[in-house]
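So you can see what is in the structure, the chains are spelled out below.
There are 2 protein chains.
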Amino acid sequence: MKTVKAYAAFEAEKPLGPYDLERRSVGAKDVEIEILYCGVCHSDIHTARNEWGGSTMYPVVPGHEIVGKVTAVGQEVSKFKVGDTVGVGCMVDSCQKCQNCEADLEQFCENGMSGTYNSYLQDKKTITYGGYSSSIVVTENFVLSVSDKLPLEGVAPLLCAGITTYSPLRHWNVKKGDKVAVVGLGGLGHMAVKLASAMGAEVTMLSRSPEKAKDADSLGAHHFELTTDPKNMKRLKGSYDIIIDTVSASHDYSAYLNLLRTDGVMVLLGVPPTPEQIHATSLIFGRKSLAGSLIGGIKETQEMLDFCAEHGIVSDVEVIPIDKINEAYERTIAGDVHYRFVIDMASLKK
Amino acid sequence: MKTVKAYAAFEAEKPLGPYDLERRSVGAKDVEIEILYCGVCHSDIHTARNEWGGSTMYPVVPGHEIVGKVTAVGQEVSKFKVGDTVGVGCMVDSCQKCQNCEADLEQFCENGMSGTYNSYLQDKKTITYGGYSSSIVVTENFVLSVSDKLPLEGVAPLLCAGITTYSPLRHWNVKKGDKVAVVGLGGLGHMAVKLASAMGAEVTMLSRSPEKAKDADSLGAHHFELTTDPKNMKRLKGSYDIIIDTVSASHDYSAYLNLLRTDGVMVLLGVPPTPEQIHATSLIFGRKSLAGSLIGGIKETQEMLDFCAEHGIVSDVEVIPIDKINEAYERTIAGDVHYRFVIDMASLKK
Numbered sequence: 001m002k003t004v005k006a007y008a009a010f011e012a013e014k015p016l017g018p019y020d021l022e023r024r025s026v027g028a029k030d031v032e033i034e035i036l037y038c039g040v041c042h043s044d045i046h047t048a049r050n051e052w053g054g055s056t057m058y059p060v061v062p063g064h065e066i067v068g069k070v071t072a073v074g075q076e077v078s079k080f081k082v083g084d085t086v087g088v089g090c091m092v093d094s095c096q097k098c099q100n101c102e103a104d105l106e107q108f109c110e111n112g113m114s115g116t117y118n119s120y121l122q123d124k125k126t127i128t129y130g131g132y133s134s135s136i137v138v139t140e141n142f143v144l145s146v147s148d149k150l151p152l153e154g155v156a157p158l159l160c161a162g163i164t165t166y167s168p169l170r171h172w173n174v175k176k177g178d179k180v181a182v183v184g185l186g187g188l189g190h191m192a193v194k195l196a197s198a199m200g201a202e203v204t205m206l207s208r209s210p211e212k213a214k215d216a217d218s219l220g221a222h223h224f225e226l227t228t229d230p231k232n233m234k235r236l237k238g239s240y241d242i243i244i245d246t247v248s249a250s251h252d253y254s255a256y257l258n259l260l261r262t263d264g265v266m267v268l269l270g271v272p273p274t275p276e277q278i279h280a281t282s283l284i285f286g287r288k289s290l291a292g293s294l295i296g297g298i299k300e301t302q303e304m305l306d307f308c309a310e311h312g313i314v315s316d317v318e319v320i321p322i323d324k325i326n327e328a329y330e331r332t333i334a335g336d337v338h339y340r341f342v343i344d345m346a347s348l349k350k
Numbered sequence: 001m002k003t004v005k006a007y008a009a010f011e012a013e014k015p016l017g018p019y020d021l022e023r024r025s026v027g028a029k030d031v032e033i034e035i036l037y038c039g040v041c042h043s044d045i046h047t048a049r050n051e052w053g054g055s056t057m058y059p060v061v062p063g064h065e066i067v068g069k070v071t072a073v074g075q076e077v078s079k080f081k082v083g084d085t086v087g088v089g090c091m092v093d094s095c096q097k098c099q100n101c102e103a104d105l106e107q108f109c110e111n112g113m114s115g116t117y118n119s120y121l122q123d124k125k126t127i128t129y130g131g132y133s134s135s136i137v138v139t140e141n142f143v144l145s146v147s148d149k150l151p152l153e154g155v156a157p158l159l160c161a162g163i164t165t166y167s168p169l170r171h172w173n174v175k176k177g178d179k180v181a182v183v184g185l186g187g188l189g190h191m192a193v194k195l196a197s198a199m200g201a202e203v204t205m206l207s208r209s210p211e212k213a214k215d216a217d218s219l220g221a222h223h224f225e226l227t228t229d230p231k232n233m234k235r236l237k238g239s240y241d242i243i244i245d246t247v248s249a250s251h252d253y254s255a256y257l258n259l260l261r262t263d264g265v266m267v268l269l270g271v272p273p274t275p276e277q278i279h280a281t282s283l284i285f286g287r288k289s290l291a292g293s294l295i296g297g298i299k300e301t302q303e304m305l306d307f308c309a310e311h312g313i314v315s316d317v318e319v320i321p322i323d324k325i326n327e328a329y330e331r332t333i334a335g336d337v338h339y340r341f342v343i344d345m346a347s348l349k350k
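Keeping their order, the protein sequence lines are chains E and D.
Mapping of the first sequence onto full-length UniProt numbering: residues 1 to 350, in sequence order.
Mapping of the second sequence onto full-length UniProt numbering: residues 1 to 350, in sequence order.
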């Protein structure tokens, strides 16, 4: 056991603060990582504040968009060596033997994947602590290789926001010339625009906010359409092959389904607080699908990181020191970030 | 013009009655068909009674599950000759040049397909009249070839109930060993069970009514599961590759989505009267899809008829004379039919 520094939430209503954390030793298949950057995902806030059905186990150390350097490896580790640049995303382990794990879909592990924080390791008793920390130990199969070609602070959010948008674009086979619409321009939405554009799609940002048009353009969107204008929504009927819906606020699915072509699919990545209504005819006419997608498997996450390195894609980030984390939470909730806060973990040592 | 005998509805509240109908002449590309049998679809009732948003144009002659013999062909007709056994389904024409028509998806014709009744021909002014009639004239591209190997009264419902269930099973690539669940054992449901079984799938009937177990078994279902038993529903979590949902009454989509495997799809064929609620998490966990499907294209309808001839599949029917049609409507609404009424059109001549 070793003591590391971390920022943790101790109660739902209190701000996060510094904490000395006992961390597991480096096992034979483990990789020890000094964390350089950790992105701030909206899930961190929900968990820190116990907003997901009382599931938070305090103290909780959030953070699952982790980039760092390998500082030690166990004797059986073959993929990584000390000094390598690596990443860790939303998962740190899974059973690795069920049908879904065998199919490289560890996020749907039938025995329950181990989330990077506020979860249990596969022993089902050791609680996991995330990336708002000076270091982390992860079994090598859940450690990703990161190219040094890209600025590492911009790579961190790829580990969650990047793979969450990359995976559905790949699964539903987005290719050159396809018409992709993205709903919601936040941490997920801005990555969906960049990735779909890099895949050769014709990308439209659908938004309620005219002031987002300029940003959409600079991110690589080919079109910007206001969804608040009924004339627009009528004109756009039957336009898109796929709609990536990143919105977590309540909204009308049917209005967007109407914009799909025959055989089009709308993929939900965000979780509105309450169920939405859907009429069967919205799907029956045009043989449309409403689907969901959750992060992505480890193999696909590596593929995504390699794709981003090849195409020079990173997240647009605002780097903060760890002691600004509570302020960053407030600004994230207010939508006042373009488009992801990333903690410079060097600030934790000071 | 020629006068034919038909049964029509004249007002929403009044029973259907006999009618002399002026029918269009046989054009160069038309096929004239003497109708032998016509199935009774629930849509017929909704239309006769003007239950679809006031869209019924009286007098209306329902019926879109038509089997008959060719009695005349236009000079440019090449696919059919007098004496051929043929069928007509839910469509009698479409623009035949839009992207969807080119893709053999005439049911989604961008310029509007011509429904077999209570619709307009492509001239957008000639009203169409359906199969409760001694004969019908249809452009040859919308006439299907019917094998004489099967009892024709059982073939009639294939033209709507058959293709409506065959098309999604094919589109979502159901194959040997796949686990298919069918919700609702009526006109559509009983065809879904027969067709999925013939495709080699392991078929489960999901029902609220224990008395349907015996029928499900005789139709070819391998399993019968009561959906009213919470223990059952828990045990069946993650079981099925595809769920064919034929129910038109209000029901909880999420309870069924929970029974899908990773990447599973639930296909809606029925239209509940009001929108249903759906929570994004029902789709996100397991990357599931909720989709819809509408009849099928002409090419696929022919493929379905050929498949049924090859596998000896027909609908289970109760044959009635035309003057029992109003009683048949009441019994259809009450669910008192196994599983489709079919009108013997010879009774119209008496």
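If you're looking for bench data, these hints aren't it; they were derived computationally from the structure.
Source: prediction; values computed, not measured.
A hint or two may mislead.
One copy or any two copies: either way a pair holds, since identical chains are not told apart in the list.
Straight-line Cα separation of at most 25 Å, SDA-like style, residue types lysine to any residue; simulated pairs [as the list claims (entries may be wrong)]:
hint	residue 1	residue 2
1	Lys237	Glu276
2	Lys175	Ala103
3	Lys234	Gln99
4	Lys237	Gln96
5	Lys175	Ala213
6	Lys237	Pro272
7	Lys324	Glu110
8	Lys234	Gly54
9	Lys175	Asp104
10	Lys234	Glu276
11	Lys299	Gly238
12	Lys14	Asp217
13	Lys2	Arg23
14	Lys79	Lys176
15	Lys14	Gly335
16	Lys237	Trp52
17	Lys175	Thr262
18	Lys29	Val137
19	Lys149	Asn50
20	Lys237	Glu110
21	Lys69	Ala213
22	Lys212	Asn258
23	Lys175	Ser239
24	Lys237	Ala103
Checklist entry - So which of those numbered hints doesn't the model satisfy? => result 7, 12, 14, 19, 21
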